[in-house]
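The task is to assemble the complex, starting from two chains supplied on their own in separate frames and drawing on the hints.
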Amino acid sequence: MTATKAPSEPRSQQAVRRPGDRIFAGSAKASGVFILLVLAGVAAFLVSEAVPALTAPAEDVPGGEGLGAYVAPLVLGTLLGAVLALLVATPLAVGIALYVTYYAPRRVAATMGYVIDLLAAIPSVVYGFWGLAVLAPALVPFHVWAADTLGFLSFFAGPASTSGRTMFTVGLVLAVMILPIISAISREVFSQAPALHREAALALGATRWEMIRMAVLPYGKSGVIGGAMLGLGRALGETMAVAIVLSGGAGATLNLISSSNPSTIASNIALRFPEATGLGINTLIASGLVLFVITLAVNMLARWIVNRRADFSGAN
Amino acid sequence: MAKRIEVSDLDIYYGDFKAVEGVNVAIEPRSITALIGPSGCGKSTFLRSLNRMHEVIPGARVEGKVVMDGQDLYGADVDPVNVRRQIGMVFQRPNPFPTMSIYENVLAGNRLNSKRMKKAEADDVVERSLRGANLWNEVKDRLDRPGSGLSGGQQQRLCIARAIAVEPDVLLMDEPCSALDPISTLAIEDLMTELKDRFTIVIVTHNMQQAARVSESTGFFNLNGVGQPGRLIEFNPTEKIFSNPDEKATEDYISGRFG
Ligand SMILES: Nc1ncnc2c1ncn2[C@@H]1O[C@H](COP(=O)(O)OP(=O)(O)OP(=O)(O)O)[C@@H](O)[C@H]1O
Ligand SMILES: [Mg+2]
Numbered sequence: 001m002t003a004t005k006a007p008s009e010p011r012s013q014q015a016v017r018r019p020g021d022r023i024f025a026g027s028a029k030a031s032g033v034f035i036l037l038v039l040a041g042v043a044a045f046l047v048s049e050a051v052p053a054l055t056a057p058a059e060d061v062p063g064g065e066g067l068g069a070y071v072a073p074l075v076l077g078t079l080l081g082a083v084l085a086l087l088v089a090t091p092l093a094v095g096i097a098l099y100v101t102y103y104a105p106r107r108v109a110a111t112m113g114y115v116i117d118l119l120a121a122i123p124s125v126v127y128g129f130w131g132l133a134v135l136a137p138a139l140v141p142f143h144v145w146a147a148d149t150l151g152f153l154s155f156f157a158g159p160a161s162t163s164g165r166t167m168f169t170v171g172l173v174l175a176v177m178i179l180p181i182i183s184a185i186s187r188e189v190f191s192q193a194p195a196l197h198r199e200a201a202l203a204l205g206a207t208r209w210e211m212i213r214m215a216v217l218p219y220g221k222s223g224v225i226g227g228a229m230l231g232l233g234r235a236l237g238e239t240m241a242v243a244i245v246l247s248g249g250a251g252a253t254l255n256l257i258s259s260s261n262p263s264t265i266a267s268n269i270a271l272r273f274p275e276a277t278g279l280g281i282n283t284l285i286a287s288g289l290v291l292f293v294i295t296l297a298v299n300m301l302a303r304w305i306v307n308r309r310a311d312f313s314g315a316n
Numbered sequence: 001m002a003k004r005i006e007v008s009d010l011d012i013y014y015g016d017f018k019a020v021e022g023v024n025v026a027i028e029p030r031s032i033t034a035l036i037g038p039s040g041c042g043k044s045t046f047l048r049s050l051n052r053m054h055e056v057i058p059g060a061r062v063e064g065k066v067v068m069d070g071q072d073l074y075g076a077d078v079d080p081v082n083v084r085r086q087i088g089m090v091f092q093r094p095n096p097f098p099t100m101s102i103y104e105n106v107l108a109g110n111r112l113n114s115k116r117m118k119k120a121e122a123d124d125v126v127e128r129s130l131r132g133a134n135l136w137n138e139v140k141d142r143l144d145r146p147g148s149g150l151s152g153g154q155q156q157r158l159c160i161a162r163a164i165a166v167e168p169d170v171l172l173m174d175e176p177c178s179a180l181d182p183i184s185t186l187a188i189e190d191l192m193t194e195l196k197d198r199f200t201i202v203i204v205t206h207n208m209q210q211a212a213r214v215s216e217s218t219g220f221f222n223l224n225g226v227g228q229p230g231r232l233i234e235f236n237p238t239e240k241i242f243s244n245p246d247e248k249a250t251e252d253y254i255s256g257r258f259g
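Chains V and W, in that order, give the protein sequences.
Start counting the first sequence at 1; every next residue gets the next number (the working numbering).
Start counting the second sequence at 1; every next residue gets the next number (the working numbering).
It is worth saying that the hints were derived from the structure and are not from the lab.
We put the CB at the ideal spot given by N, CA and C, even for glycine.
Possibly wrong hints are sitting among the right ones.
[Said to hold, decoys possible] If you only want the chain V side, here are some residues facing chain W, beta carbon under 10 Å, derived:
1) Arg22
2) Ile23
3) Leu153
4) Ala157
5) Pro159
6) His197
7) Arg198
8) Ala200
9) Ala201
10) Leu202
11) Ala203
12) Pro218
Bound-form chain W, shown alone (with noise of 0.2 Å):
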């Protein structure tokens, strides 16, 4: 079931170092929101304190409000491995757990949130995960095998189908493409087109074609210099992000003439 984020007034830190400031800016549901912006602007901090990652790091803590369909997901009494089961995850590295089966992979979002599952009820899941992430045919003959013997691409579509296999609310994506081939790129991207039904779905990229292909709204994030955290600069919908954008810096880095 897709969610709606709104956040608020949201500043993040690393220790003592602000990295992100002043985010605000409402998620829709059922659609692909792109996060764009130039390296080091917090892109993926700001991803990662949407489903509470950000505080795994030691020191690191957030200021600010993040309400998905009205629960305040900083709120006093939310158990952040709440907040991680219904907002699921996929890294820019494919990260498939080594000691587990394909299979394995797949359930292991299933394994921790749920009690006992019925052989048949699992193998159900696995094959609707993996054929939602267009992996099925590729690795049903061999699904006992381990999870690293598969390509990049493979793997970071095993990523996706593990994500999935829990019915997350929301799906976020941190450069899932960049260490793939424009083949699984492709793959991928048709993939999150056919996911946006089901979820909301947050990507962060640095290829603006990719922003441009997929994405009903992008934001971009930009920074004014070493040390000064990351804003949001400009929100809107792609076309016109990539047309007619309100900020003359959107418009330089998307240009190319960012600098």
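Chain V on its own, in the form it takes in the complex (with noise of 0.2 Å):
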């Protein structure tokens, strides 16, 4: 490896140097740059427009409290919405995946498939809609019986919102926006378990349940990570569903059910975008860069969880 960038050795350079590989190594290093390089764009951006919002006195901020005090309850907003989804839909990603690499008939698991793949074609303004006309109204006696019987947690503390355009909601909708994602990466890793170490856990005299346990999930656990911190992704930064559905702004509180919801970094700007002006636009880039770094955060995390165990993680 070290011949290669030594010019003082100039045929041992000749000999590996040949123009396919050059071609290739050099389109490959090309995007890896390009897309560093966007990213570092849009970092930049973010923080010079940013900046004003940034420095700018308390009371000339919207809100007239400070950028902390705007952009916190956003903050919160977008993570109960977020890790509520997550929730909600890794459980059941990984229990589709499961059941359609190890359960279904070869004919129902492929046809299963397909009608998940589908739900991540569908538009998030579609999503908006179906949480806002179906979704909400259905879910309004939930929040009521949430509020009479689980109202000592905070998070169902109540007063139930009547139309069901809470967090709550919004939760759910993500959830099944970020259903596909999860699963499809969660079959791939399941369906590509090796077949020696299921035979293995089969000829000790594992069950179906048994062998999954001892042989898929470990083997599929970091894919599974890696996919629902995509959802997760996803779900920080949905926007549209979420302006649609969530009618909040006021206060920044636990609470899922109640009709004072805080909103959500994403939706946020959206829905003030248009009107903003000067400062205002500065505060919501600021805004935009905070989402940013969370996502950021989150990816970083991620990478954490799965490399963790790396010895034991049977790629060796």
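In structure tokens, the structure reads:
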């Protein structure tokens, strides 16, 4: 490897450099550099546009209490909706993926695979209207019930929204939206669990579920986490569906079911941007920068989780 | 507790393809039975039909009888999971669970079979099985490391330890040494000779000397041509097979005049 870099050895250089390799290496490198440049450009734009909002006196920022007070409820809203979506979607997606790969008859499995992939092709506006017109009214009784029986949890403190256009409904809409990506990735990794280890488990007298626990889930774990993080990224950034469903804006509260929900960063930007001027725009972009950082942190966390037990991952 | 297996008129299919035909044989307890024969004649298929691992392949099925100490393994009320708990298996390629430590690998079968095990009891099973598989001294200081970090031969012995940890009645081994060096191979052969006091062992091997060295009885599988089912041509005491076989085909095969 060192020989190819050392210009003092022209002979070995000639021997390894073939035009095909060079073109491929060059174009691969160019793509890599290109994506980094785009990212850096976006980050630079966000930062430079956000600076006025960061440095402005508190009373000039919309809301009148400074950038922190403006962004904090939005961050809370963004995280609440996305985490709720993740908590609902991940177990469901893993269940679907296991059913499709190891339980369903082959034809059913293929059909189910298509149907779930189709969910990913629906535009998010449609999800938004579905959430608004169908899911929200349908969930009103649940809101009432949750406020009555689970009211001791701050998430369900009530009073229950009468429209159902709450963070809870948003979480469920987002869950449906991220289901395809998580289940598609889980399906992929589960179906690649090595036959060698599945047979090892079966030969020890494992039932199908035990086989899945011994040889499939451990193998697929990091893939599922990766899929979940992709889903989380999508849920964090989802704009239209949230903007349509949520009737929010007031207050930073953990309450999922009342009508005073915090909004999310992305939907707040979409709703406010058309009318924003001057420092208002800078403030919105600053909130976008916060979302950028959150997403980056989520991805790094996912990577760390995936790598933590690389020894036992089965990759070696 | 070693058990005797009687196979009668066994036909084995992959979908419509009949891979093995008309096997009749009795496998004696506390002995090693070797299965030899050219590639593709159905040795692995036959071996996997003994612990009902054959049917995990989609479309695969079996006709005929396999009886272990009076119990029909393919009886309508027999759960294949229970059959596999009684009849352990070691595969050609070492397959310890990569996500488990060496310790947990040994206990994998026990964790399935039983309720909770006390720590002391578990430690005991691990040490006994690893000693049984001649691996204890090499791994006793790193039981919490992944099983996939061992050498190929060590991994195979780990798989043997895992199989004997549940005290099966029968141990099936499909070319357990084919991926190993001669020293590891000898270690595993010695191991088999020790284990046969407690288990019924059936081993598939391409290594004629190995069959001659370790086994009491040998079965020779052959097939008449491509697409034809494999058959058990001859089953006899190993000495007889290697000195004075009944069948011409057996003699040709073991003397290398095959084809
Ligand atoms: N999963 C499968 N699906 C369909 N046919 C199979 C399958 N596995 C094996 N066969 C076929 O069954 C026949 C017997 O195969 P088997 O693996 O039992 O041979 P073998 O004697 O173990 O050979 P080797 O010595 O090479 O391991 C072969 O014709 C093979 O092509
Ligand atoms: Mg084979």
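We went through each hint and held it up to the structure:
1. Arg22: Given a least distance of 37 Å, the restraint on V/Arg22 is violated.
2. Ile23: It is violated, given that the least Cβ distance between V/Ile23 and chain W is near 37 Å, above 10 Å.
3. Leu153: This hint is violated: V/Leu153 lies away from chain W, its Cβ roughly 33 Å from the closest one there, beyond 10 Å.
4. Ala157: Cβ of V/Ala157 sits 41 Å from chain W, so the hint is violated.
5. Pro159: violated (47 Å)
6. His197: Holds. Min distance 6 Å.
7. Arg198: OK, holds: V/Arg198 within 10 Å of chain W, min 8 Å.
8. Ala200: V/Ala200 check passes; min Cβ-Cβ to chain W is 4 Å, inside 10 Å.
9. Ala201: Given a least distance of 7 Å, the restraint on V/Ala201 holds.
10. Leu202: Holds, about 6 Å.
11. Ala203: Interface hint status for V/Ala203: holds (4 Å vs cutoff 10 Å).
12. Pro218: holds (3 Å)
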